[in-house]
Every structure is written in structure tokens, then in C-alpha cells.
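> Chains as they are written, first to last, in the numbering used here: chain C, 1 to 245; chain H, 1 to 193.
No lab work stands behind these hints, which were simulated from the structure alone. Nothing here was measured: the structure is a model prediction, and the numbers come from that model. Take the hints with a grain of salt, since some may be wrong.
Residues from chain H shown here face chain C by an in silico Cβ test under 7 Å; the list is partial [as the list claims (entries may be wrong)]:
1) W80
2) T84
3) A157
4) R182
Have a look at the derived ranges for each label pair, beta carbon to beta carbon [as the list claims (entries may be wrong)]:
5) H/L162 / C/E74: 34 to 42 Å
6) C/E74 / H/A161: 34 to 42 Å
7) C/D62 / H/I165: 40 to 48 Å
8) H/K62 / C/L24: 21 to 29 Å
9) H/A157 / C/A61: 50 to 58 Å
10) H/R94 / C/E22: 30 to 38 Å
Computed list of chain H residues with no C-beta within reach of chain C, every gap over 12 Å [to be verified]:
11) R22
12) V43
13) T59
14) R69
15) G92
16) P140
17) R154
18) E163
19) G164
20) I165
21) D183
Idealized CB from N, CA, C, for every residue including glycine.
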Amino acid sequence: MTCDEVRELLPEHLLGTLEGPEDLEVRRHLRGCSACREERMKLEDGVAALSRAMHDQEPPADLRARVLRMLDEEWEDVGHPPATAQRRRDRSPWRAVAAAAVGVLLAGSVAYGATQAHRASVATADATSYTDLLKALGGKEFSVGALHPTGGSSFDGRVLVYEGNASKGWSSWAIVFVKASSYTGEATATLIGTDGQALVLPPLRVSDGEAHTWLVTGDDLSGYDRLTITTPDGNVVATGAIHPA
Amino acid sequence: MLRVKIDDPGSDAALMAEFAAREERAAGTLFDRFASRIYGLGVVMLGNHQAAQDLVQDTFVKLWRTAERYDPQRGRLETWVLLTARSLAIDGLRRRVLESRSLQAIGVQPDDDPEPLPDERAAVADLSARARRAMAVLTPEQRSALELAYFGGRTTAEVAALEGIPQGTVKTRIRAALLRLRDEMAKDADHDV
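Make a model of the complete structure from these sequences and hints.
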């Protein structure tokens, strides 16, 4: 698609009325064309002007509190409090056992990864072992996913999700391994569900090109089918689909 | 009310990440930045203050449910929020049409919206006056195409069919309208300074 073709489609792209394949082509073009991105910004100024001119009206004073209260209710109903808060509440003995098992798994996987020259194929290659482990643990399922770099980043990695069995008192786990040869600092791993819900794991702290994080929870993790890694500036640097092992 | 004006894509991405992580501060910041325009959109499109308040609430819940999908590389947070609100408003209008048809089918007249209070009338009148001034710079053809696409969520093909003009003309009109609005608002800002 040429710049002229993209610019003709930009208003529709911006107003959300462009159909799938063409919209995808426009998005692809924009990623690699600063001149067209600048044109898009000008049109976005137009949309902003339109919105301010046509429909900017102070809402009732009590609406802010009402909306924030509704969000609180939504967050309660979804039942996945932030990972850090969840971990603070994980104090029961069975969760401690689960945490210990995660530690063993983590150490084993890291060692395996080291012997494989840090290739990010740990979970898939060892699927049989994981299935055996699953039987031993009595859980429902292991799911795995490969993380692929986005936006030219150096990130890749693996995610392993263990679906426990709440009726038997076994929690679920999620473990993320990341390699990032040209990055040092924090990053965020977020599990994303099929219905759009998100579960943020404790921060990844990347040093010497590697990092890991994990979460133990009594909640059901089976609805999460994607994981993204974002840096503090909000850029998505890796993403991957999660599927049964 | 404190209005925080942030258009930096990095800041927007960080804000949405905080919102996704259920930070109430982020929710409050988003409300302060966008609630007035979502509310105004509800008043204009739905013509009812209660429905406009519901639109604000529904929009913020939807924004939270989809917060992880926000990608600053794909466009401004402002545009994303407004189009999310517009989409919900269009859904609301469609529901109303269906409900109205159902009620008519069984012989029941739908209730009219409550009569707006005098101050509400004044506020809507003010909104309309500002809208007329801003839109006056556009030609009728540009305005019509833009309103059908923006408020109606109509595709270029649909606008072309409704207006009886080629699709290319619709595209040209919408693009020219947006750029002209941008230029006029920039001029107004210069005069204010």
C-alpha cells in the first residue's frame, strides 16, 4: 500500500469504520512510515477539535464517585486482585507447599535452560515431563506459550501456567521466563483472558539478559490465553499465545 | 474539577497500564480527562442526561476491560476513548429502536424521556451553540459526511449510498473536514492567547 492510498483511508481508519484487511494494511504501513503517522496525528487533532466543539459538557458532580464505585464493584466481581495484593494474602499452608513446588520447578527449568544454551524452548520440549508432573500433582492442566518479540525488541521467553484443582485445595500457578539481551530494568508480565480481563504478575527484573516472575493463586487461570510483556514506558515488547501443553 | 491534560503517548500507555492494574488514581485521572466529552457525546447522541451518565459509566467499565489492548502506536488514547464511547452510544441507539419496535408491536407506547430541567436545557443550548460555531467553518457537504461517519459510525460506502455520491468524494470530504476543524481550532487558540 502506498502513502497516497494509506492517506485516503486514514480518516476511516481513525474513525473506526475501516474494514478488517484494509485496516490491517493501514496499521502495517503506519508502523513504518513517519510521514503518514504525522498525517494521522493531524487528523486526530481534527477529531479532538470536533469532540470539544460538539460534545464537551460538564457531567453532574456526583458522577465521578458513581463511576469509581462501579469500577470498584467490577474489580471485586472479576475476582483477580492485583498480583502483589494476592501474594500478600497467600499465607495458608497448602499455598506454601505450592510455592515450594514452583520454586523446584523454577530452579529445574532455569538449569535446563542454561544447559540448552538459553534456548527458549524449555516448556514445550519438556511437555511429557510436565504431563507426568501434572499427574503427580493432581492438577487439571499445564498450558505453555512461547513469547515472541514485538516492535524490534530483544525479548523472548516462555510462560507456563499450571491449572490446579481448587476442590482439592491445590492452587494454580503461572511462571514466566524472559530473555532480553539488550535490556536491563523492570518489565511487566500480564496474563490476558479471552474476555479481555487482565492479571498482572509481580514485576520482572531483567539483569544479565534474563528474568523470571511467578504467581500462585487460588483463582482459575484457565481463561487466560495470552501473555504480554510491557516495559515501564508502556511499550509491548513481547507477546505470546498460551495453549494446553 | 482538576483537568489533567496529557497527550504524551508514553504517559498514556503508563496511565492505561495503571488503570489495567486497578489503580484508582489512574481511573480518576481518566475520568477527569475524558468524562465531560463522553457525557457530552451521550447528551448529543442519546438526547437524555440520564442516558449520558450511563454512557460514561459503561464506557469506563469497557475501557477497563480492554485496557490491556491499548497500544499507543495505533493512535491516541483520546481517540480510542471517544470511539469506544461512540460505539456504546450507537449500541444504545440500536437497542432503543429495537425496544421501541417491540413495544409498538404489542400496542404499548414507550415512555418519553423525562423533561429536562431548565438548567439542563440551558447547558444543552450552550453546547449546541458552541457546536454550531465550530462546525460553521465546514461546508454542508463536509459536515454531513463527517457527522454520519463520526456520530453514526457509518462506513464510507454507507455514507456514499446515503448521500448519493462516490466513495472517493466521501473520503475527501471527511479528510478535509477534519483538517479544517484542526486549523480553525488552532486559529481560535492563537486568538485566545
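> If a hint holds in the structure, say so; if it does not, say that too.
Each hint tested on the structure:
The interface hint given for H/W80 is violated, since its Cβ lies 9 Å from the closest Cβ of chain C, which is over the 7 Å cut-off. Violation of the interface hint for H/T84 is found here, the shortest Cβ-Cβ separation to chain C being roughly 9 Å, above the 7 Å cut-off. Evaluation of the H/A157 hint against chain C yields a violated restraint, the C-beta minimum of about 9 Å exceeding 7 Å. Proximity of H/R182 to chain C holds as hinted, the smallest CB-CB distance being about 4 Å (cut-off 7 Å).
One distance hint, 34 to 42 Å for the beta-carbon pair H/L162 and C/E74, holds here, with the actual separation near 38 Å. The hint said 34 to 42 Å for the Cβ distance between C/E74 and H/A161, and at roughly 39 Å that hint holds. About 46 Å separates the C-beta atoms of C/D62 and H/I165, a value consistent with the hinted range of 40 to 48 Å. Range check, H/K62 to C/L24: Cβ separation about 23 Å, and the 21 to 29 Å hint holds.
Roughly 43 Å separates the CB atoms of H/A157 and C/A61, a value that falls outside the hinted 50 to 58 Å. Distance hint check: the CB atoms of H/R94 and C/E22 are about 24 Å apart, inconsistent with the given range 30 to 38 Å. Listed as outside the interface, H/R22 is inconsistent with that label: its C-beta sits roughly 5 Å from the nearest C-beta of chain C, within the 12 Å cut-off. Against the 12 Å criterion, H/V43 falls within the reach of chain C, whose nearest CB is about 6 Å from its own CB.
Listed as a non-interface residue, H/T59 fails to keep its Cβ farther than 12 Å from every Cβ of chain C; the least gap is roughly 9 Å. Not every Cβ of chain C is farther than 12 Å from the Cβ of H/R69; the closest lies at roughly 7 Å, contradicting the non-interface assignment. Every C-beta of chain C lies more than 12 Å from that of H/G92, the closest at about 15 Å, which supports listing it as non-interface. For H/P140, the non-interface assignment is confirmed: its Cβ lies about 16 Å from the closest Cβ of chain C, beyond the 12 Å cut-off.
Consistency note on H/R154: stated as away from chain C, yet its beta-carbon is not over 12 Å from all of that chain's, at 7 Å minimum. The claim that H/E163 is not at the interface with chain C holds, since no C-beta of that chain comes within 12 Å of its own (minimum 15 Å). At roughly 19 Å from the closest C-beta of chain C, the C-beta of H/G164 stays outside 12 Å, upholding its exclusion from the interface. Residue-level check passed: H/I165 sits 15 Å from the nearest beta carbon of chain C, beyond 12 Å.
The Cβ of H/D183 does not lie farther than 12 Å from every Cβ of chain C; its closest approach is about 9 Å, which violates its non-interface assignment.
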